[in-house]
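Generate the whole structure from the sequences, applying the supplied hints.
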Amino acid sequence: MPESHGRVAACPGPELPLSMGLSVMMKRLLESLSAWVMLGAFIVPGVLWAESSVEEEPSDMALPLVDIQDMSAEIEPPAPDPEAVFAEQVDRLATGNLRERREMAEALVEGGHPRAGMILNALLEGRLLTTWSTPETPALIILQRGEDAPGRVEQAVTGEVLADGVPSGARAVPINNPMRNLLRDLAAMADMNHALPQRRILASERLMRGSLGPEQMALIESRLLVEEHPRVIDALEITQAVGLLRHEDAQVRLESLERLRGSLLAVVRSTVGAVAEQDPDPIVRQHAVETLEAIQTRIAFYRFTENLFFGLSLGSVLLLAALGLAITFGVMGVINMAHGELIMIGAYTTWFLQTLMPGNLTTALLLAIPAAFLISGLVGVAMERGIIQFLYGRPLETLLATFGLSLILQQAVRSLFSPLNQAVASPEWISGSLAVNPVLSLTWNRIYILIFALLVFLALLLILKRTTLGLKVRAVSQNRAMARSLGVRASWVDAMTFGLGAGIAGVAGVALAQLTNVGPNMGQSYIVDSFMVVVFGGVGNIWGTFVGALGLGVMTKFMEPFAGAVLAKIFVLIFIILFIQYRPRGLFPQKGRSAEA
Amino acid sequence: MLTRLLLSDRGGLIILALLTALIIYVPIGNLLLPADSPLHVSTFTVTLLGKFLCFALLALAIDLIWGYAGILSLGHGAFFGLGGYVMGMYLTRQIGDRGVYGHPELPDFMVFMNYDSLPWYWQGFDQFWFALLMVMLVPGLLALVFGWMAFRSRVSGVYFAIITQALVFALMLAFFRNEMGFGGNNGLTDFKDILGFDITARQTRVTLFVISGVCLIGAYLMCRFIITSRFGRVLVAIRDAESRTRFAGYQVESYKLWLFVFSAMLAGIAGALYVPQVGIINPGEFSPIASIEAVLWVAVGGRGSLFGAIIGAFSVNGAKTWFTTVYPEVWLFALGTLFVLVTLFLPRGIAGIFRTLGQWTSRKPKGDEQ
Amino acid sequence: MKKRTFLKGMTALGAALALSGTGLSALAAENPIRVGVLHSLSGTMAISETTLKDTVEMLVRQQNAKGGLLGRPLEAVVVDPASNWPLFAERTRQLLEQDKVDVIFGCWTSVSRKAVLPVVEELNGILFYPVQYEGEESSRNIFYTGAAPNQQAIPAVEFLMNEYGIERWVLAGTDYVYPRTTNRILEAFLKEKGVAESDIMINYTPFGHSDWQSIVAEIKRFGSAGKATAVISTINGDANVPFYRELANQGVSATEIPVIAFSVGEEELSGMDTGPLVGHMAAWNYFMSVETPENEAFIQSWHDYIGNTRRVTNDPMEAHYIGFNMWVKAVEQAGTTNVDTVIDTLVGIEVPNLTGGTATMLPNHHITKPVLIGEIQADGQFLVVSETEMVPGEAWSRYLEGSRDLIADWTDPVRCGNFNVKTQTCLGSQAQQ
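Chains as they are written, first to last, in this note's numbering: chain H, 1 to 597; chain V, 1 to 370; chain S, 1 to 433.
Derived by calculation from the structure, the hints in this document are not laboratory data. Please note: incorrect hints may appear among the correct ones.
What the hints assert, rightly or not - Coverage of chain S stretches by chain H, computed from C-beta distances (three or more under 8 Å per stretch; other residues unrestricted):
id, stretch
1, 185-198
2, 238-251
As the list claims (entries may be wrong) - Residues of chain V clear of chain S, computed beta-carbon distances all greater than 12 Å:
id, residue
3, Ile14
4, Phe130
5, Trp148
6, Phe197
7, Thr228
8, Ser229
9, Phe231
10, Ala241
11, Arg244
12, Tyr250
13, Tyr327
14, Leu346
15, Ile353
To be verified - Pairwise CB distance ranges, derived in the manner of DEER restraints:
id, chain 1, residue 1, chain 2, residue 2, range
16, H, Gly165, S, Thr358, 47 to 53 Å
17, H, Val252, S, Gly251, 30 to 36 Å
18, V, Leu137, H, Arg583, 29 to 35 Å
19, V, Glu105, H, Ser270, 45 to 51 Å
20, S, Thr358, V, Gln123, 51 to 57 Å
Just so it is clear, the structure is predicted and the values come from calculations on it, not from any experiment. Glycine included, C-beta positions come from ideal geometry on N, C-alpha and C.
As structure tokens, this is what we get:
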């Protein structure tokens with residue numbers, strides 16, 4: 001089967017979750033001289049090792065492989081040259097098919113050659129390259145050294161430096177996820193002695209997912225002897241308890257079950273589940289069932305919390321999308337079909353700033369908030385001055401004009417940039433999630449957007465309730481003629497109000513760019529939802545929009561698990577239709593004379 | 001009475017004359033004239049014009065409620081689509097065992113979705129009369145229920161417009177679902193024949209075209225009849241001052257409701273005529289934007305004048321066809337600009353121009369402002 | 001007769017220049033061979049289809065530079081069906097009836113192909129369809145140069161099963177016919193391989209779904225049962241960005257629960273932040289990263305044509321490349337653009353593909369393709385981790401009840417798109433013809 005490879009990956013591979021590189025770890029493994037002892041060696045506290053050999057250059061290291069050679073000599077009388085074996089293994093690691101490569105990776109670890117660790121680490125990071133092999137010239141396997149010797153390119157097997165750098169046509173040796181897993185499992189065992197307690201906990205949990213053989217159990221036991229951090233002890237004990245579920249003594253198994261009662265880890269659940277079905281002892285089975293039930297009760301609570309969070313998060317997205325419309329449509333009565341496109345402009349602003357300052361995602365994002373507000377706001381003011389001001393009092397005609405505008409804006413973006421979506425990256429601090437416990441983790445981007453939505457809402461509320469502009473806006477929206485006769489420059493107020501609504505739509509675009517596509521069509525996906533929220537909440541009432549958005553979000557998310565995403569949405573729409581029959585002016589109807597539109 | 005209807009409406013008279021001419025000329029141009037004759041009408045043009053006729057009927061239905069009763073429905077695509085689906089179901093049943101799997105009764109997508117038998121709501125659609133009935137009943141019934149609820153609770157204006165959007169949106173999502181049993185996103189297509197006639201035959205196409213034209217003319221006359229009757233005058237009163245009309249003792253809700261149901265049926269018929277001519281019906285017809293576009297035809301043509309709706313449907317769709325063929329990259333610009341300009345400078349649409357011209361020569365203007 | 005776009009003028013100009021350069025200018029005056037291009041340039045599908053329109057125009061220009069075809073220049077006739085399915089049918093009629101094109105390259109979504117099918121059959125045209133699709137169809141007038149399910153889905157699942165030891169499967173897709181069919185086939189396939197019902201989770205979402213919180217949480221729970229789990233994604237276009245983002249944020253990494261996608265290619269990746277996607281996979285028949293002289297030349301000419309070296313190439317582009325070359329070769333071999341002759345000549349035509357193999361047009365109007373599986377890299381390219389031999393496309397899946405016994409064969413003596421080998425009859429409408 002021809003094995004096709006990609007071009008040279010100009011990118012670094014996925015980062016190892018290790019503070020100390022795999023090569024360092026491998027080096028230490030070597031010193032312990034055999035695969036068996038290798039595992040035992042992790043037990044020795046890391047401090048001891050750190051002193052022994054970190055500074056040493058692996059390529060210059062003498063071969064402490066006497067034991068292995070002796071052992072293999074016993075098994076296979078004509079001892080093969082270890083260097084030749086190593087060269088063969090590296091060759092097949094780089095050029096064999098995927099299964100072969102995985103076997104070779106394992107063999108390399110067991111073989112314990114001094115360069116093995118470095119090579120495997122390079123493999124994991126995409127720094128192990130090969131050239132095409134032809135019958136005349138066999139493939140050259142090249143190692144690009146990492147941070148320990150940046151820029152150095154050498155032959156993988158011999159360590160001979162290649163003066164010309166990477167030959168053209170060389171490409172990274174592909175690795176797949178099982179290999180990554182294999183290498184990381186080994187890394188996890190090394191992490192058992194990591195200085196950070198969090199890493200020790202992760203290592204312990206990683207071990208739990210593995211086979212938990214006698215070596216691993218021994219490793220845990222010895223770590224427990226020296227461990228002081230309470231949370232790590234807890235994690236280790238749980239891992240140990242999972243391992244002990246296979247103990248031949250039923251009493252030990254029962255005790256382990258007891259220990260596992262409070263754990264929410266998925267592995268614990270599946271292992272206990274297996275015990276509940278397969279354990280030879282009926283009493284243990286009974287206990288396992290009870291333990292499982294206890295765990296499930298706790299999970300049910302967290303799942304509810306999770307759903308609530310999902311709902312609030314969806315609600316915050318709806319709130320952001322709808323707030324601008326609550327001003328332009330709710331307060332001013334303009335059926336602004338171009339609202340989605342104003343959101344899109346905000347999102348494109350984010351993208352544009354990001355391409356301007358590629359290395360600085362956070363600054364770009366923070367700058368994008370005022371920038372999007374200004375740009376969308378200006379577009380809004382231009383729309384108001386240019387078109388909408390001639391259409392007041394004819395709400396349905398604003399619909400037609402703004403629909404035309406939305407078509408123009410969409411096509412403008414398509415022609416100006418491209419019909420393709422644009423990639424907007426998230427800064428590091430927005431990615432990932434806050435793990436409350438193993439069954440409840442809240443994603444950071446959603447948390448930030450929730451907070452952000454609340455802040456925008458509060459800011460808008462303050463503007464409307466506490467500033468002169470807000471006062472004038474409310475005056476004009478309630479009674480235009482009266483406000484004018486009291487000296488309010490209605491046309492100026494109109495422009496500012498529309499600009500404010502448009503600006504908020506732009507700010508929403510910044511937030512949405514962190515969640516979804518940025519493309520010419522993105523506005524279309526929010527327009528209907530936004531209108532639903534405003535109408536549901538009550539036109540002309542910002543609080544209505546707030547309650548409406550969060551309410552609809554939570555409702556959708558609680559329906560989704562059993563109805564499915566599509567039906568949930570249909571039900572919500574039907575609910576809105578029925579609700580409007582019951583309260584024709586939404587949740588919080590506007591009071592006063594102006595209410596009779 | 002017919003003469004009274006016609007004579008009071010000069011613009012309409014011209015449009016009707018044009019339509020009649022079209023209905024007479026197109027069959028001759030397509031079937032009788034040789035293909036190389038400059039007056040020959042290609043089958044492509046026949047289908048295209050046939051489609052426009054259906055759109056014009058839809059526009060007429062919207063204008064009737066919007067222009068004369070002030071009910072803005074941004075969801076008439078729902079009724080149009082339902083009418084289309086009903087016709088699509090009939091046509092699908094006519095395929096019989098000529099589907100790709102050769103099943104005697106089940107349409108291809110049902111064989112594929114592992115249906116054992118035809119769902120109950122597909123029963124009876126092999127009969128043309130039943131389908132014809134349903135073309136009007138299904139949209140009519142939906143309009144009756146929806147309108148009854150909405151008008152009874154006095155949902156009006158913008159609120160009504162938005163919930164009609166919710167209605168089409170919900171329908172679109174529902175019809176996208178493959179479990180609904182309407183072919184999901186692909187909808188219904190690959191029709192073979194209608195009433196035993198080959199649907200791809202030129203004669204069938206021309207016949208469908210003529211029927212569409214006749215339906216449009218018929219619908220136009222009915223609408224004219226309604227709005228010139230006492231009923232129509234009450235409607236205009238409702239449009240201009242709903243509360244006052246109510247206080248004057250009129251059952252505003254039932255006036256609105258019956259007009260809404262009638263309009264929905266017209267839209268359903270338009271959909272039913274549309275499907276055999278374009279050869280496919282799918283949930284895209286329920287997209288909220290499509291419904292808004294239909295309202296825009298009316299706005300461009302001239303809200304509150306029935307012939308304006310027909311002009312609007314023809315001109316906007318004609319422009320769309322022309323632009324997407326000649327300048328595909330700029331047609332959204334052109335369309336967008338058209339909508340903006342029309343709202344700003346032609347608040348009464350294209351028909352308004354005729355009216356203004358007409359005012360110089362004849363009597364009083366007709367009020368159509370809200 | 002019709003005013004066309006600026007681009008087309010350019011093409012014609014390029015053709016004229018090239019021809020005069022080779023001293024064949026007399027030919028330019030001759031009646032050109034017309035190539036219809038039916039791809040949406042506006043609306044929701046413009047995002048994918050515009051590139052394909054450019055590809056066909058590029059291929060036409062290249063062919064003209066080589067001196068045209070049968071001594072006549074080629075002319076691309078571009079229309080915009082605007083992502084509207086009935087409009088696809090209407091435009092096809094326009095291309096075939098009014099513009100009298102000799103061949104059409106077009107469509108992306110299944111529904112657009114379904115809308116066009118009756119028209120090309122009625123007016124006897126040729127359509128080359130370049131996108132991977134759900135199969136269960138074979139028309140005499142359509143040539144399917146994209147992958148059938150057996151050329152993408154099944155090999156991908158086999159790969160995960162054998163190489164990754166996956167035991168638990170999430171089949172996640174957008175609710176339309178391609179994911180539905182693919183998942184039906186995969187479900188049947190997995191069950192045949194002994195996967196229990198409880199180890200398969202199927203989920204459908206609407207187009208453009210953007211809130212993936214609940215579904216990803218569900219996938220996470222499903223994947224935490226102690227068995228290796230993978231997601232087979234037939235999620236369409238726009239919904240992918242929020243999906244992958246949510247996966248990454250909820251901490252589902254490619255090493256724990258890999259996602260293999262059938263609709264995410266280089267072009268889609270260019271609109272995404274690829275950081276969270278690294279290690280996830282896609283199955284296609286072509287990757288831009290494949291290193292062959294043909295591919296390098298293709299990428300080079302694409303960059304020259306489009307004037308932007310950052311633009312990527314993708315699988316449907318290769319499909320058009322193959323389809324176009326097949327059509328050119330068939331026309332040359334037949335010596336005419338006559339539709340019936342070309343349709344018959346096309347079967348058996350062989351042209352090189354871009355991954356170093358040879359694509360053959362099969363009697364069922366599908367082609368042979370290798371299946372490549374790639375892992376997403378941070379630069380938006382794919383690292384090929386597996387490549388199969390050439391796989392012949394199958395119109396009818398052997399894993400589905402209704403189509404198990406069906407074959408398509410457009411050569412004598414069968415000449416039928418849905419021929420039941422058990423009863424030896426041609427089913428459906430073709431039977432009457």
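Status of the hints after comparison with the structure:
1. 185-198: That given contact is violated, which follows from only 0 residues of the stretch 185-198 of chain S lying within Cβ reach (below 8 Å) of chain H.
2. 238-251: holds (count 9)
3. Ile14: holds, 28 Å
4. Phe130: Check passes; 24 Å lies beyond 12 Å.
5. Trp148: holds, 29 Å
6. Phe197: holds, 14 Å
7. Thr228: It holds; Thr228 of chain V is separated from chain S by about 35 Å at its closest Cβ, greater than 12 Å.
8. Ser229: holds, 36 Å
9. Phe231: Given a closest Cβ separation of 35 Å, the condition holds.
10. Ala241: holds, 40 Å
11. Arg244: Given that every Cβ of chain S is farther than 12 Å from that of Arg244 of chain V, nearest at about 44 Å, it holds.
12. Tyr250: holds, 41 Å
13. Tyr327: Given that some Cβ of chain S is not farther than 12 Å from that of Tyr327 of chain V, nearest at about 7 Å, it is violated.
14. Leu346: Consistent with the label, Leu346 of chain V stays out of reach of chain S, its closest Cβ about 25 Å off (over 12 Å).
15. Ile353: holds, 28 Å
16. H:Gly165 / S:Thr358: 47 to 53 Å: violated, 36 Å
17. H:Val252 / S:Gly251: 30 to 36 Å: holds, 33 Å
18. V:Leu137 / H:Arg583: 29 to 35 Å: Holds, at about 31 Å.
19. V:Glu105 / H:Ser270: 45 to 51 Å: Hint holds: Cβ distance 47 Å, inside 45 to 51 Å.
20. S:Thr358 / V:Gln123: 51 to 57 Å: holds, 52 Å
Checked against the numbered hints given earlier, the structure breaks hints 1, 13, 16 and satisfies all the rest.
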